[in-house]
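Same order as they appear, the protein sequences are chains A and B. The first sequence maps to residues 1 to 211 in the numbering used here. The second sequence maps to residues 1 to 211 in the numbering used here.
Each hint should be verified, as a subset may be incorrect.
The list treats identical chains as interchangeable, and a pair is accepted whether it falls inside one copy or across any two copies.
With a Cα cut of at most 25 Å, we get these calculated DMTMM-like pairs of lysine to aspartate or glutamate [claimed, not checked]:
| no. | residue 1 | residue 2 |
| --- | --- | --- |
| 1 | Lys100 | Glu12 |
| 2 | Lys100 | Asp13 |
| 3 | Lys100 | Asp69 |
| 4 | Lys100 | Glu16 |
| 5 | Lys100 | Glu49 |
| 6 | Lys132 | Asp56 |
To be clear, the hints were calculated from the coordinates, so they are not data collected in a lab.
Read off the chains here:
Protein chains: 2
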Amino acid sequence: MLKEHYPSRLLEDAVEAISSLPGVGTRSALRLALHLLRQPSEHVHHFAESIVRLRDEVHYCNTCSMIADDAECSICRDRSRDHATICVVENVRDVMSIEKTGQYHGVYHVLGGIISPIAGIGPSDLTISQLKSRVEALTAASPVPASVEVILALSGDVEGETTAFYIYRQIAGTGVTVTSLARGLAFGDDLEYADELTLGRSIVNRQIFKP
Amino acid sequence: MLKEHYPSRLLEDAVEAISSLPGVGTRSALRLALHLLRQPSEHVHHFAESIVRLRDEVHYCNTCSMIADDAECSICRDRSRDHATICVVENVRDVMSIEKTGQYHGVYHVLGGIISPIAGIGPSDLTISQLKSRVEALTAASPVPASVEVILALSGDVEGETTAFYIYRQIAGTGVTVTSLARGLAFGDDLEYADELTLGRSIVNRQIFKP
Numbered sequence: 001m002l003k004e005h006y007p008s009r010l011l012e013d014a015v016e017a018i019s020s021l022p023g024v025g026t027r028s029a030l031r032l033a034l035h036l037l038r039q040p041s042e043h044v045h046h047f048a049e050s051i052v053r054l055r056d057e058v059h060y061c062n063t064c065s066m067i068a069d070d071a072e073c074s075i076c077r078d079r080s081r082d083h084a085t086i087c088v089v090e091n092v093r094d095v096m097s098i099e100k101t102g103q104y105h106g107v108y109h110v111l112g113g114i115i116s117p118i119a120g121i122g123p124s125d126l127t128i129s130q131l132k133s134r135v136e137a138l139t140a141a142s143p144v145p146a147s148v149e150v151i152l153a154l155s156g157d158v159e160g161e162t163t164a165f166y167i168y169r170q171i172a173g174t175g176v177t178v179t180s181l182a183r184g185l186a187f188g189d190d191l192e193y194a195d196e197l198t199l200g201r202s203i204v205n206r207q208i209f210k211p
Numbered sequence: 001m002l003k004e005h006y007p008s009r010l011l012e013d014a015v016e017a018i019s020s021l022p023g024v025g026t027r028s029a030l031r032l033a034l035h036l037l038r039q040p041s042e043h044v045h046h047f048a049e050s051i052v053r054l055r056d057e058v059h060y061c062n063t064c065s066m067i068a069d070d071a072e073c074s075i076c077r078d079r080s081r082d083h084a085t086i087c088v089v090e091n092v093r094d095v096m097s098i099e100k101t102g103q104y105h106g107v108y109h110v111l112g113g114i115i116s117p118i119a120g121i122g123p124s125d126l127t128i129s130q131l132k133s134r135v136e137a138l139t140a141a142s143p144v145p146a147s148v149e150v151i152l153a154l155s156g157d158v159e160g161e162t163t164a165f166y167i168y169r170q171i172a173g174t175g176v177t178v179t180s181l182a183r184g185l186a187f188g189d190d191l192e193y194a195d196e197l198t199l200g201r202s203i204v205n206r207q208i209f210k211p
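Pulled out of the complex, with its shape left as it was, chain A reads as follows (with noise of 0.2 Å):
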C-alpha cells in the first residue's frame, strides 16, 4: 500500500494522535478527523477538554482504587451498604459490569489489573497489600472474622486463577470468609452447546430447584 498523501500537517497529525487509539486504524481516524473538521468549534473544543479532564482531574478512590470525584468513590462513601463484604475485581469496568446488574450492595476492591508473568505483571503492581491492610482492619474490627466476606471476582482463565489463589494466601490467614464467583450454564445457554469444564461444574454445584 503506497503512503497516505495528507493534504495538510493538522490533518495528518490528528490521524495519527486518533489512529493511536487501540482498534482504530489509520482509515477510521481520517473518517473521524473529517467527522471533527466539520462540527462547530465549540463542539471539538468540548471533546477535547473532557478528556483532558478526565486524565487530570479524575481521582482513584483511597479505600478501594475505584476511579472517583473527589478521594472517595461514591460506593465506599454509601453508608447503606455492607462495608464488610469486599468484592476484588480486576479493573473499574467490573466494577460498572456488576453495578448494572443491581444485585450486589457490598463493597470492591479494584486490582488495577492481574498477576500475568507474560506481561511482566506481578503481586507488586497491583492493589494486593492494600486489600490485605484493609481486611486485616476489618477483622481487627469484627469480633467474628468470618462474617467479614472477600468475593474474588476475578475471569476465570489461568490468569485469573492465579490472581485469586494468590490473594487467598494472602487473607486466609485472617479468618475472612472467601468465596467466588458461581460458575455455570449462562441464563438461555443450551446445553449441547455448553462447553464440558462449564457444564461439569454445573452438576458439582447444581442447586436446590426453587419454582
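Since the structure of chain A is already known, use the hints to place chain B on it.
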C-alpha cells in the same frame, strides 16, 4: 438494558463526548476513555490539542477548496502539475484516494458534497459556482477551450449522476472537454460475479488489447 453506573462525572462526560463520534458506541467509548486514562498526561494533551488545532487552524484552498495549511493547497501550488485539467470530486478523501494512485497529474476541485434533495443539499451548498468561474477564467485565457479538461470523478449512484449532469450543464457552454471516470470490471474481478450493468458497460467501452 440498565443505565450505566458511572463512578465519576469526568468519566461520564468523556464517554459521552467520545460516543458522539460516528460509529462509536457507548461500550467502545468507555474502553477508549479508560485507555486514555492509562496514558501519560502529555500524550493525552497532545491528542486533544491536535484535534482542536485541526478544527481551528485548518484552511481551505481558495482555488479548489481542498484542506490546506495555507490559503493555497500544496497541489494548486505545485507548478509542475497540469492546471488545465481539473478533476471534480465530492470530498477531501476522494482527492487523497486519487493522489494515492500516483496516476493523476492535474489539479482538483472539491465540491464539499453531492446534490441530494433527500439530505437537503442543493447546488448552492456546493462549490459549483466557484468551479464555473474557474473554468471560465481558464477558457478565457486559452486559445483552444477544448484543451481545458474537466473530469467528473463522482460516484456512480443517482446523486453522483445528478450532480455530474448539473455540472455538465453549467460548464458545457464554455467549450471545455468534459470527461468522466472509466467504469468497468475492477482488476481481479471475476466475470461470473460482476453485476450486469458493470459488465454491460465494460463490453460497450471495451479497449484495444495491449499485451
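Consistency of the hints with the structure:
1. Lys100 <-> Glu12: So Lys100 and Glu12 pass the 25 Å test across copies only (15 Å; inside, 40 Å).
2. Lys100 <-> Asp13: Answer is between; shortest inter-copy Cα gap is 19 Å, intra-copy 38 Å.
3. Lys100 <-> Asp69: Intra 19 Å, inter 47 Å, cutoff 25 Å: intra-copy only.
4. Lys100 <-> Glu16: This pair counts as between: shortest inter-copy Cα distance 18 Å, intra-copy 35 Å.
5. Lys100 <-> Glu49: Neither: 28 Å inside a copy, 34 Å across copies.
6. Lys132 <-> Asp56: Neither. Shortest intra-copy (29 Å) and inter-copy (51 Å) distances fail the 25 Å Cα cut-off.
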